[in-house]
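Asks: Sequence:
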Amino acid sequence: MDTGLSGQHAIVTGAAGGIGLETVLHLLREGARVTAAYHTSAGSLTEIAREWRDSINPHSVDVTSEESVKHLFDQAVARLGRIDILVANAGIANPQPVGVHEMTLAQWQRTMSVNLTGVFLCAKYFLANLRDHPAENASLVMIGSTAGVFGEAWFSDYATSKAALHGLMMSLKNEIVHLARHGRVNIVNPGWTATPMASDVLREKGLVTRILQTIPLRKTATPADIAAAVVYLASDKLAGHVSGQAITVAGGMEGRVLFTPSETLVE
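Here the sequence shown is numbered in our numbering, starting from 10 and rising by one per residue.
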């Protein structure tokens with residue numbers, strides 16, 4: 010299927026692993042040029058850059074720093090031209106459960122700084138790029154979470170930061186069209202996904218069984234499942250009339266138990 014992404018320039022944040030890395034690969038395979046933004050370590054991007062050297066631009070960024078984000082966008086435009094697509098994927102989650110009554114202000118602020126302010130800063134410079142380099146089409150895809158839909162006890166900072174993206178999306182979908190006539194803004198909400206960030210949790214067989222009791226498909230997602238949804242929303246050819254939508258990729262997960270443990274097949 011022709012996605013129409015060939016020659017498009019995309020920035021993907023949080024690109025060194027998990028959903029971000031898989032999204033970079035999906036976009037490259039569709040013929041897009043990708044600025045792959047990572048925080049401290051390029052990881053597998055170094056090897057990918059050798060294979061796709063003419064189509065990829067790895068670059069470090071601290072999404073909590075406006076100066077760093079501005080530099081990322083300036084360098085990306087100088088290297089690969091106008092940015093047509095932004096995948097705002099960079100995010101963090103505290104690995105240990107903490108009740109809000111014991112959560113430090115520093116933890117709360119750090120999570121918000123990366124997961125919410127980081128998306129704001131990237132969106133700011135993506136839209137500024139469209140102001141300075143006019144385009145008919147553009148796509149901003151934010152990576153949310155089902156935690157922002159159902160809530161997540163003991164991880165209220167993470168759930169709140171992801172829920173807030175919905176308000177940002179609903180606002181920006183009405184702003185972007187003043188800069189790119191057919192510009193679009195959407196969210197992908199992954200459910201439980203086998204990423205490095207979730208690897209420790211998904212090693213606990215008892216917890217995985219309880220998770221799968223809420224998922225009709227009785228399996229967790231892979232990063233490729235999420236990346237495929239991102240590619241769909243990034244494509245003007247496939248999703249050109251889709252804006253202001255949150256697509257959940259979670260196997261039909263609900264906030265309730267659907268199966269007994271004996272009916273759950275752990276994959």
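Mixed in with the good hints there might be a few duds.
[To be verified] Straight-line distance between alpha carbons at most 30 Å, and here's what the computed BS3-like set of lysine-lysine pairs gives:
no., residue 1, residue 2
1, Lys133, Lys228
2, Lys133, Lys246
3, Lys133, Lys182
4, Lys79, Lys133
5, Lys79, Lys228
[Claimed, not checked] Ranges of calculated distance between the beta carbons of each label pair, as one might list FRET restraints:
no., residue 1, residue 2, range
6, Asp63, Met179, 34 to 40 Å
7, Thr218, Asn103, 39 to 45 Å
8, Pro104, Arg219, 16 to 22 Å
9, Lys246, Lys79, 26 to 32 Å
10, Glu145, Val109, 43 to 49 Å
In short, the hints are calculated from the structure, not lab data.
Where is the CB? At the ideal position from N, CA and C, for every residue including glycine.
Asks: Hints first: check each against the structure and report whether it holds.
Replies: Do the hints match the structure? See the list:
1. With a C-alpha separation of about 36 Å, the suggested pair Lys133 and Lys228 falls outside the 30 Å cut-off, and the hint is violated.
2. For the hint pairing Lys133 with Lys246, the CA-to-CA distance comes to about 25 Å; that is within 30 Å, so the pair holds.
3. Straight-line distance between C-alpha atoms of Lys133 and Lys182 comes to about 13 Å, which keeps the hinted pair within the 30 Å bound.
4. In summary, the hint linking Lys79 to Lys133 is supported, as the alpha carbons are separated by about 9 Å, within the 30 Å threshold.
5. Taken as a hint, the Lys79 and Lys228 pair is broken in the structure, with Cα atoms around 39 Å apart against an allowance of 30 Å.
6. Between Asp63 and Met179 the C-beta distance comes to about 37 Å, which sits within the given range of 34 to 40 Å.
7. Evaluation of the 39 to 45 Å hint for Thr218 and Asn103 yields a failure: the beta carbon distance comes to about 24 Å.
8. A hinted range of 16 to 22 Å for the beta carbons of Pro104 and Arg219 is consistent with their spacing of about 19 Å.
9. Distance hint for Lys246 and Lys79: a CB-CB separation of about 31 Å, consistent with the stated range 26 to 32 Å.
10. Glu145 and Val109 have their C-beta atoms about 45 Å apart, which keeps the hinted 43 to 49 Å range intact.
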